[in-house]
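Every letter in the sequence shown is one number past the one before it in UniProt numbering, and letter 141, counting from 1, is 141.
By construction, these hints were calculated from the structure, which means they are not laboratory data. If you're wondering where the values come from, they're calculated on a predicted model, not measured in any experiment. Take these hints with a grain of salt, some might be off.
Claimed, not checked - PhoX-like mimics (lysine-lysine), calculated; alpha carbons at most 20 Å apart, straight line: (1) Lys530 <-> Lys502; (2) Lys503 <-> Lys492; (3) Lys546 <-> Lys492; (4) Lys281 <-> Lys227; (5) Lys339 <-> Lys390; (6) Lys564 <-> Lys479; (7) Lys495 <-> Lys570; (8) Lys93 <-> Lys285; (9) Lys495 <-> Lys567; (10) Lys211 <-> Lys201; (11) Lys184 <-> Lys143; (12) Lys570 <-> Lys502; (13) Lys503 <-> Lys479; (14) Lys102 <-> Lys21; (15) Lys658 <-> Lys544; (16) Lys458 <-> Lys567; (17) Lys502 <-> Lys551; (18) Lys334 <-> Lys265; (19) Lys427 <-> Lys281; (20) Lys202 <-> Lys157; (21) Lys285 <-> Lys339; (22) Lys334 <-> Lys390; (23) Lys427 <-> Lys438; (24) Lys66 <-> Lys21; (25) Lys657 <-> Lys622; (26) Lys492 <-> Lys458; (27) Lys285 <-> Lys458; (28) Lys622 <-> Lys458; (29) Lys314 <-> Lys390; (30) Lys570 <-> Lys492; (31) Lys132 <-> Lys157; (32) Lys93 <-> Lys66; (33) Lys157 <-> Lys143; (34) Lys622 <-> Lys530; (35) Lys339 <-> Lys314; (36) Lys12 <-> Lys102; (37) Lys227 <-> Lys257; (38) Lys132 <-> Lys143.
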Amino acid sequence: MKEDLCREVIEKAPFGYALHKICLDEEGRADDFVYLDVNPAFERIIGLSRESVLNRRVTQVLPGIKEDSFDWISIYGRIAREGGEEEFSRYYKPLDRWLRIKAFSPAPGFLVTLFVDINEEMAMINELARQKEEIESLNSQLKLIFESTQDALFLAKYERGNFYYLHSNPTHQRLTGYRLEDIKGKTPEEVLGEELASKVKKGYMQCIEKKAPVTYEETLLLPGGEKTWQVSLTPVCHEGEVCYIIGSRQDITLQKKQEDKLQKKLTYERIASTISRLALKEQDKDTFVNQALRIIGEGAGVSRVYLFEEDPGKNTVSNTYEWTAPGVESQQEKLQELKIDLFDWWMERIYNREVISFRSVEEIPDEFTRLFLKEQMIKSILVLPVSAEKGEVSFIGFDECLQERIWDEDEVILLSIVADIFNQYLKLRRYEEEMVYKSYHDALTGLYNRRFVEDRIKDLDIPENLPLAVLVLDVNGLKVVNDALGHAAGDKMLKAASEVIKKSCRRHDVVVRWGGDEFLVFLPLTTAEKAEEIVERISRNCEKVKDLPVKISLAAGFAVKTRKIQKIDKVLREAEEWMYRNKLLKEKSSRRAIIDTLLSTLMEKSAETREHAERMRDWGIKIAKHLRLSARELDEISLLALLHDIGKVGVKEEILKKPAPLTEDEWREMRRHPEIGCRIAQNTAELLSVADYILAHHERWDGKGYPKGLKGEEIPLLARIIAVVDAYDAMTSDRPYRKALTHEEALEEIRRNAGTQFDPRIVEIFIDIIEKEKNEDTK
Numbered sequence: 001m002k003e004d005l006c007r008e009v010i011e012k013a014p015f016g017y018a019l020h021k022i023c024l025d026e027e028g029r030a031d032d033f034v035y036l037d038v039n040p041a042f043e044r045i046i047g048l049s050r051e052s053v054l055n056r057r058v059t060q061v062l063p064g065i066k067e068d069s070f071d072w073i074s075i076y077g078r079i080a081r082e083g084g085e086e087e088f089s090r091y092y093k094p095l096d097r098w099l100r101i102k103a104f105s106p107a108p109g110f111l112v113t114l115f116v117d118i119n120e121e122m123a124m125i126n127e128l129a130r131q132k133e134e135i136e137s138l139n140s141q142l143k144l145i146f147e148s149t150q151d152a153l154f155l156a157k158y159e160r161g162n163f164y165y166l167h168s169n170p171t172h173q174r175l176t177g178y179r180l181e182d183i184k185g186k187t188p189e190e191v192l193g194e195e196l197a198s199k200v201k202k203g204y205m206q207c208i209e210k211k212a213p214v215t216y217e218e219t220l221l222l223p224g225g226e227k228t229w230q231v232s233l234t235p236v237c238h239e240g241e242v243c244y245i246i247g248s249r250q251d252i253t254l255q256k257k258q259e260d261k262l263q264k265k266l267t268y269e270r271i272a273s274t275i276s277r278l279a280l281k282e283q284d285k286d287t288f289v290n291q292a293l294r295i296i297g298e299g300a301g302v303s304r305v306y307l308f309e310e311d312p313g314k315n316t317v318s319n320t321y322e323w324t325a326p327g328v329e330s331q332q333e334k335l336q337e338l339k340i341d342l343f344d345w346w347m348e349r350i351y352n353r354e355v356i357s358f359r360s361v362e363e364i365p366d367e368f369t370r371l372f373l374k375e376q377m378i379k380s381i382l383v384l385p386v387s388a389e390k391g392e393v394s395f396i397g398f399d400e401c402l403q404e405r406i407w408d409e410d411e412v413i414l415l416s417i418v419a420d421i422f423n424q425y426l427k428l429r430r431y432e433e434e435m436v437y438k439s440y441h442d443a444l445t446g447l448y449n450r451r452f453v454e455d456r457i458k459d460l461d462i463p464e465n466l467p468l469a470v471l472v473l474d475v476n477g478l479k480v481v482n483d484a485l486g487h488a489a490g491d492k493m494l495k496a497a498s499e500v501i502k503k504s505c506r507r508h509d510v511v512v513r514w515g516g517d518e519f520l521v522f523l524p525l526t527t528a529e530k531a532e533e534i535v536e537r538i539s540r541n542c543e544k545v546k547d548l549p550v551k552i553s554l555a556a557g558f559a560v561k562t563r564k565i566q567k568i569d570k571v572l573r574e575a576e577e578w579m580y581r582n583k584l585l586k587e588k589s590s591r592r593a594i595i596d597t598l599l600s601t602l603m604e605k606s607a608e609t610r611e612h613a614e615r616m617r618d619w620g621i622k623i624a625k626h627l628r629l630s631a632r633e634l635d636e637i638s639l640l641a642l643l644h645d646i647g648k649v650g651v652k653e654e655i656l657k658k659p660a661p662l663t664e665d666e667w668r669e670m671r672r673h674p675e676i677g678c679r680i681a682q683n684t685a686e687l688l689s690v691a692d693y694i695l696a697h698h699e700r701w702d703g704k705g706y707p708k709g710l711k712g713e714e715i716p717l718l719a720r721i722i723a724v725v726d727a728y729d730a731m732t733s734d735r736p737y738r739k740a741l742t743h744e745e746a747l748e749e750i751r752r753n754a755g756t757q758f759d760p761r762i763v764e765i766f767i768d769i770i771e772k773e774k775n776e777d778t779k
């Protein structure tokens, strides 16, 4: 029953079954097999009937078996002889199909093979192998592309709201500075830090939310340096959800720099063009500068723009104009009247027209300047000279307070053009202001002039200024000072007078040099009592003035407009009339004071003395009496003796006191003193009668004197008398350049020059007088 059961199993088995008996060759090696038994599955798989294979050799049934690359005979023979079992899958060439075979020996010399047809399975395996090979080839190609592309590629996984970097190509690693091991499996926060990761993830999330490719630009500072990227992200979706993003970064830094450079150039050219047009049309300096700074600040995108200007009188610079971006604190109030001496490092560069440019103020070598700028919260600074001319120094500055900024060469060049526009505009405005100032101000005193009053009188003559006092002042004796000491001395006197008037008046009063020696003052909201106080204050302040050749004296008069209907010109005439009355009252004493001052000055700076004048007077009167001259002429000879050399006050002291002979130039100046003295006398009523005598007292009898070269009796008699007595007294007195002569020597010199230098008749009379005096002295 057991054999029947086994047989039934074999017959119904789905696998092929064959029982073989081994055939040996002469050397005892397996040479072939004989089929002893097969089952129906064998017939189906092999395609041969049972009857056609039983008791037949394998080589007969399957004649190509020995030609197969697989040595079936030898392998089967070994198993039949040695026992054991083996299983293998092979392509069975004689049958052109794949079989999975299990071979074992049930008894020595016999072999059982069990097999199944695996043609379809092997076809599937081959297909899978082919597909795998294609996939591997594709992966290899993709990897080659991924690794070789010049774009920086990365792959990131998106899972539960987080991104994880999986891969990056060499270009990405090189450009970003992150190696693959630096990022693999890590989140953006772990790689980049919170702040930078937040910026990067905004782009990633766009791709996630849109579930579509996105492209954008971003600038990042990574270990590989600061670069601008064009980023393209492509989502990889599974079941409608994004699970990966493939990122491509193109380094467009150079391109962006070129674009930014071009855009920046266009921006600054527009700024320069706009400011240039503004400069042509805008006459008001404040409006121009404020608008120009705003245009620059907004266009250049800086925190602050400002203009500093020098005040040469105070030796300071001040922030005169400033623009600040929204949210940036103004520094203008803190930057007023900065002492130039404290900023040597800074100002030296401005004077040399150097650009001051620092990405970080920490790089500034001068500690004082560095700390000063840091106090203003400045991170980066650019300063361009506008003007380096003495007294007109100015510069324009640009502050960056939020972040450090590099001022590139093109920016500096274009902003320098803007600074030059400022320079030309400010220079033109200064010229115009100077012209306006000069047209409305007196060049000598700096006070308003007559034209100012004529043009602006309507602005002063308004009801709001009532009562309006008008004060007219005149400098006493100015013409005498001009004639005696020269116009430089007169100008000094006028300047001093203007300072006295300004000092004595109030800040809102309008002081004018009306012309020549006259001043005019408009005193708004001033009663007659108050005007009188101001006049008295002027008088007191005149007394305090020192270091002038003569004392200042001012004649003053004022009138007050109290009602709107009063005409201002009538008020002015009334003030002038009062001033002239006051001048007449004071004129005589004033002139006398000036003459006394001039005489005192003369005696201080020369060898002239009052005793010399008195001796000349005594001798002159004696000569005049001998000639029977009138009493008036006697008075004139007395006055002439005192004032004949008054013109020497206009000669330099070093010439008057020179201990050596004078040079030709010095003589030329010395010979001017008769003319100076004459002009002094002509401008003083009390001295007018002796003016011609003063002019002629150095003329010679032979016509070789000066200044007119008169001769003989062309020379006024009193001048001829003074010439003799002056020469005698001078010779008998010590001088810086020689010792005094004896009386005899002096008289001999006088006698010798009679008829050439002196009037011989006067000489004769004078010698007679001197000799009589000598005789009387010896009695």
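To see whether the hints hold, each was checked on the structure:
no., hint, result
1, Lys530 <-> Lys502, "holds, 16 Å"
2, Lys503 <-> Lys492, "holds, 16 Å"
3, Lys546 <-> Lys492, "holds, 12 Å"
4, Lys281 <-> Lys227, "violated, 44 Å"
5, Lys339 <-> Lys390, "holds, 16 Å"
6, Lys564 <-> Lys479, "violated, 38 Å"
7, Lys495 <-> Lys570, "violated, 28 Å"
8, Lys93 <-> Lys285, "violated, 107 Å"
9, Lys495 <-> Lys567, "violated, 31 Å"
10, Lys211 <-> Lys201, "holds, 15 Å"
11, Lys184 <-> Lys143, "holds, 17 Å"
12, Lys570 <-> Lys502, "violated, 24 Å"
13, Lys503 <-> Lys479, "violated, 24 Å"
14, Lys102 <-> Lys21, "holds, 16 Å"
15, Lys658 <-> Lys544, "violated, 33 Å"
16, Lys458 <-> Lys567, "holds, 11 Å"
17, Lys502 <-> Lys551, "holds, 18 Å"
18, Lys334 <-> Lys265, "violated, 33 Å"
19, Lys427 <-> Lys281, "holds, 15 Å"
20, Lys202 <-> Lys157, "holds, 16 Å"
21, Lys285 <-> Lys339, "violated, 24 Å"
22, Lys334 <-> Lys390, "violated, 25 Å"
23, Lys427 <-> Lys438, "holds, 16 Å"
24, Lys66 <-> Lys21, "holds, 17 Å"
25, Lys657 <-> Lys622, "violated, 31 Å"
26, Lys492 <-> Lys458, "violated, 32 Å"
27, Lys285 <-> Lys458, "violated, 25 Å"
28, Lys622 <-> Lys458, "violated, 66 Å"
29, Lys314 <-> Lys390, "holds, 13 Å"
30, Lys570 <-> Lys492, "violated, 32 Å"
31, Lys132 <-> Lys157, "violated, 25 Å"
32, Lys93 <-> Lys66, "holds, 10 Å"
33, Lys157 <-> Lys143, "holds, 18 Å"
34, Lys622 <-> Lys530, "violated, 58 Å"
35, Lys339 <-> Lys314, "holds, 8 Å"
36, Lys12 <-> Lys102, "holds, 18 Å"
37, Lys227 <-> Lys257, "holds, 10 Å"
38, Lys132 <-> Lys143, "holds, 16 Å"
Hint violations for this structure: numbers 4, 6, 7, 8, 9, 12, 13, 15, 18, 21, 22, 25, 26, 27, 28, 30, 31, 34, all remaining hints satisfied.
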